[in-house]
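> So the chains spell out like this:
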Amino acid sequence: MNILYFLVGCSVLMALIFLGAFVWAYKTGQNDDTHTPGIRMLFDDEVIKEKSEEDHFSS
Amino acid sequence: MEDQHKTTIKAVCYHCGEDLPKVNYQMDDKGFCCAGCLGVFKILSENNLCNYYVYNSNPGQQLKSESHLEYLDEPKIITQLLDYRHESSSIVTFYIPAIHCSSCIWLLEHLYKINPSIFSSRIDFLKKQVTISFNHEEISLRKLVETLNQIGYEPLISLQDVVKEHKSSVDKALVLKIAVAGFCMGNVMLFSFPEYFGLSSFEKAFQSLFGWLNLAFSIPVAFYCGKDYFTSAITSIKHKHVNLDTPLALIIAVLFLRTAFEVIFSVGPGFADTLTGLVFLLLMGKYLKQRTYHHISFDRDYRSYFPIAVTTLQNGKEKPVSINEIHVGDRLWIRNGELVPADSILMKGDAWMDMSFVTGESEPVHKVLGEIIYAGGRQTSEAIELEVIKPVSQSYLTGLWNNEHYKSNNSKQNFNDGVAKYFSLGVFIIAFSATAYWLFQNDSHKAWSAFTAVIIVACPCVLALSTPFTLSAILSVMDKKGFYVKNTDAVEELAKCDTIIFDKTGTLTSSENAEIRFSGALNQEESIIVASLLRNSTHPLSRHILKALNVDQYYSLTDYKEVIGKGLTAVINNHNIYAGHLSMLPVGIHTDSETGVHILIDRSYKGYFEIKQQWRLGLTQLILKLQKFSLQVLSGDTDKDFWMLQTIFSNSTKIRFKQSPHQKLNSVLELQQAGNKVIMLGDGLNDAGALKQSDFGIAITDNINNFTPGCDAILKGSSLSLLPNFIQLSKDGLKIIKISFAIAIAYNCIGIYFAVQGTLYPLVAAVLMPISTITIISFTTLATRWFARKNKLI
Numbered sequence: 001m002n003i004l005y006f007l008v009g010c011s012v013l014m015a016l017i018f019l020g021a022f023v024w025a026y027k028t029g030q031n032d033d034t035h036t037p038g039i040r041m042l043f044d045d046e047v048i049k050e051k052s053e054e055d056h057f058s059s
Numbered sequence: 001m002e003d004q005h006k007t008t009i010k011a012v013c014y015h016c017g018e019d020l021p022k023v024n025y026q027m028d029d030k031g032f033c034c035a036g037c038l039g040v041f042k043i044l045s046e047n048n049l050c051n052y053y054v055y056n057s058n059p060g061q062q063l064k065s066e067s068h069l070e071y072l073d074e075p076k077i078i079t080q081l082l083d084y085r086h087e088s089s090s091i092v093t094f095y096i097p098a099i100h101c102s103s104c105i106w107l108l109e110h111l112y113k114i115n116p117s118i119f120s121s122r123i124d125f126l127k128k129q130v131t132i133s134f135n136h137e138e139i140s141l142r143k144l145v146e147t148l149n150q151i152g153y154e155p156l157i158s159l160q161d162v163v164k165e166h167k168s169s170v171d172k173a174l175v176l177k178i179a180v181a182g183f184c185m186g187n188v189m190l191f192s193f194p195e196y197f198g199l200s201s202f203e204k205a206f207q208s209l210f211g212w213l214n215l216a217f218s219i220p221v222a223f224y225c226g227k228d229y230f231t232s233a234i235t236s237i238k239h240k241h242v243n244l245d246t247p248l249a250l251i252i253a254v255l256f257l258r259t260a261f262e263v264i265f266s267v268g269p270g271f272a273d274t275l276t277g278l279v280f281l282l283l284m285g286k287y288l289k290q291r292t293y294h295h296i297s298f299d300r301d302y303r304s305y306f307p308i309a310v311t312t313l314q315n316g317k318e319k320p321v322s323i324n325e326i327h328v329g330d331r332l333w334i335r336n337g338e339l340v341p342a343d344s345i346l347m348k349g350d351a352w353m354d355m356s357f358v359t360g361e362s363e364p365v366h367k368v369l370g371e372i373i374y375a376g377g378r379q380t381s382e383a384i385e386l387e388v389i390k391p392v393s394q395s396y397l398t399g400l401w402n403n404e405h406y407k408s409n410n411s412k413q414n415f416n417d418g419v420a421k422y423f424s425l426g427v428f429i430i431a432f433s434a435t436a437y438w439l440f441q442n443d444s445h446k447a448w449s450a451f452t453a454v455i456i457v458a459c460p461c462v463l464a465l466s467t468p469f470t471l472s473a474i475l476s477v478m479d480k481k482g483f484y485v486k487n488t489d490a491v492e493e494l495a496k497c498d499t500i501i502f503d504k505t506g507t508l509t510s511s512e513n514a515e516i517r518f519s520g521a522l523n524q525e526e527s528i529i530v531a532s533l534l535r536n537s538t539h540p541l542s543r544h545i546l547k548a549l550n551v552d553q554y555y556s557l558t559d560y561k562e563v564i565g566k567g568l569t570a571v572i573n574n575h576n577i578y579a580g581h582l583s584m585l586p587v588g589i590h591t592d593s594e595t596g597v598h599i600l601i602d603r604s605y606k607g608y609f610e611i612k613q614q615w616r617l618g619l620t621q622l623i624l625k626l627q628k629f630s631l632q633v634l635s636g637d638t639d640k641d642f643w644m645l646q647t648i649f650s651n652s653t654k655i656r657f658k659q660s661p662h663q664k665l666n667s668v669l670e671l672q673q674a675g676n677k678v679i680m681l682g683d684g685l686n687d688a689g690a691l692k693q694s695d696f697g698i699a700i701t702d703n704i705n706n707f708t709p710g711c712d713a714i715l716k717g718s719s720l721s722l723l724p725n726f727i728q729l730s731k732d733g734l735k736i737i738k739i740s741f742a743i744a745i746a747y748n749c750i751g752i753y754f755a756v757q758g759t760l761y762p763l764v765a766a767v768l769m770p771i772s773t774i775t776i777i778s779f780t781t782l783a784t785r786w787f788a789r790k791n792k793l794i
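Line by line, the protein sequences give chains A and B.
Going by the UniProt record's numbering, 36 is the number at position 36 of the first sequence; the sequence numbering is gapless.
Going by the UniProt record's numbering, 732 is the number at position 732 of the second sequence; the sequence numbering is gapless.
Treat the hints as calculated values from the structure; they're not laboratory data.
Glycine included, every Cβ here is placed at the ideal spot set by N, Cα and C.
Hints should not be assumed to be uniformly reliable.
Pairwise CB distance ranges (calculated) [unchecked claim]:
(1) ASP73/B with MET14/A: 50 to 60 Å
(2) ASP32/A with ALA436/B: 31 to 41 Å
(3) PRO586/B with HIS35/A: 51 to 61 Å
(4) ASP32/A with TYR112/B: 21 to 31 Å
Using the sequences and the hints given, assemble the complete structure.
So this is what it looks like as structure tokens:
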């Protein structure tokens, strides 16, 4: 059952990585504004007329 | 029904949603109420930004009058405003009050389409801020602000930088501490689980590993997350009084020491689970307590009302200068609509000052040459020249903030800190007597474990949690009804108040529902003539009256002349017409009213328009419900409304008029010295001193996004009638806290029963604490909802 020592080590290490990820995300300001991105994602991309297609027909 | 619907769509401005006047501007089959709205639409359609109108209908705002931006060319002011500057790119953050919908976000994040020198722009919707990065070699800061103004998003640049103030208000360290404590708690729970279920022989092999891991996780929790409790406890002991943090720090220390002792000498599993859980919950309570509204600022003073720069005259030339650099003797050049930033003497020009910041009265006051004009006055007429006689920070109005006698902190001791003293004393007595008993029995091992166990189990963590949980639940009930309280401590203050002072203008009356009335008679023809004259003016009064008249045609006019702030004159269809202040009219007129917009057509007086302020709805019932409190009215206005106020208030109410900001402040102070706890309700800068001095200052506003002076709470005008319910709820809140304290004591008694016998097993402690916490949290939540319902707030 010595493998448990290894597994416990792994689980602690992974948890530490997640904690580090949170600290990094928080410090770089990713949680500063939790409201606007939700609205922003609802905007449509602008329709850009594809010129190449029109050219295709003319030529 | 459908037809009706269509007409309502048609009758509003495509840009701003105002009702369309009968004569309006047309473009692309869309109607616009004014040239300003049309202009914005033109800019947007030229830049292919018409999606702005897709996400919301009529998202725009009417353009305000032009502002002078010369000061944005001054290098000193630019460096004050910029967040970052490197080579060719700069980043600046502006506060834009007009941001209100998703269209605003969309448009402001596509600024680069209007001007390619703008690299990108990012909006923080709740804070109403936009962060713009731009190439400062191609577009100056002034040009950038002008671009924003053109599309109707004027940034508010004031002396007190709203943007920077917000940045420092977020306590980032606390969130990180919560993260670390939560992380450690989760892992410690995991490693303590085998212990809870009893260890089989083969699991025993891991016991010491788990113990050491638990100890390792306890170290950051005790010394990083719990650091504030130790520092707070040490300072309070130095000042020879006990606050709630003192017993908490002691418990954290005891828990950690005992865990370390048991793990190192392999005598037991330790209390790492209790320690991490306790610190995590305590920090959560602290977080709730600190949580406040991002989008509302409660700490404004005069600086948020004052501009960042003012135009000075140096050797006859205009030069914008930062307000902080104004010295006595400087010559200021104040244009129409600008604010006088320092007490000064009028040197040149005709001054009609709107002193509403200082006195509360909005009717402009005429000042003659050589007269002193106090800081805070707003010029409503042509440009004037002033000489500064006092620096900004020592002026009459700004001096209010430098008065040092504002509330002392000693009086603000809350229930928690008051109880903590007796609580700690009780715990120590029990702990020491248990230790003494076991030492007397010659069982030193039991003495040590009884001592530590009593301190662990008697944890006032419930006390530390119930207050923030209850009060923050009350805060969220109140904010749904339009009452935004600064923080949880303020709710406790509200519950203790016994005296209420009202301001009149803007508090008992509403500025939103102002109604235009015409005293006199105008026939159809004359209405058109008046409207034709007024449509040429951008003065807000002219716009209001024009809207009220709503005629369907206009005549052309000649000889148009506008004396800014005083009135208009022109010739229309061979009629000489005047509209404006009494002193503007060419013939002397005797009327019952000096104020208002008077109309004169061909030397015959037609009457005057006036704006009637309306009393807020439900005032009489409100005053009836507040009978338990002693009430006062302090108005900066004249006593013209005395009779009206007497019918609303009871005879015992003191009603005083013509109160200066300092007199208001002193009235509050006198009441406080007589031992009263005072609630002050006010709206303007003229109440600001009294609001700050009072035990609970409430700023009333009709629009939450407007600026309000520094206060403890902001109340929407429409919710004024609920004030008695809010006060009652805060009182009930204190009741809830006391009941949950009693529940906590009951739990503690159970724990102490085991603890004094020296038989407290870590499992009991680990189970007892979460159970008592969950009981308290659910009790406070349910009780708050029940009381809110009882007070008709849900």
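> Take the hints in turn and mark each one as holding or not.
Taking the hints in turn, this is what the structure says about them:
For the hinted restraint 50 to 60 Å between ASP73/B and MET14/A, the CB-CB distance of approximately 56 Å keeps it satisfied. Between ASP32/A and ALA436/B the beta carbon distance is about 54 Å. The supplied range of 31 to 41 Å is therefore violated. The hint said 51 to 61 Å for the Cβ distance between PRO586/B and HIS35/A, and at roughly 57 Å that hint holds. In this structure, ASP32/A and TYR112/B meet the distance hint of 21 to 31 Å, their C-beta atoms being roughly 22 Å apart.
In this structure, the one hint that does not hold is number 2.
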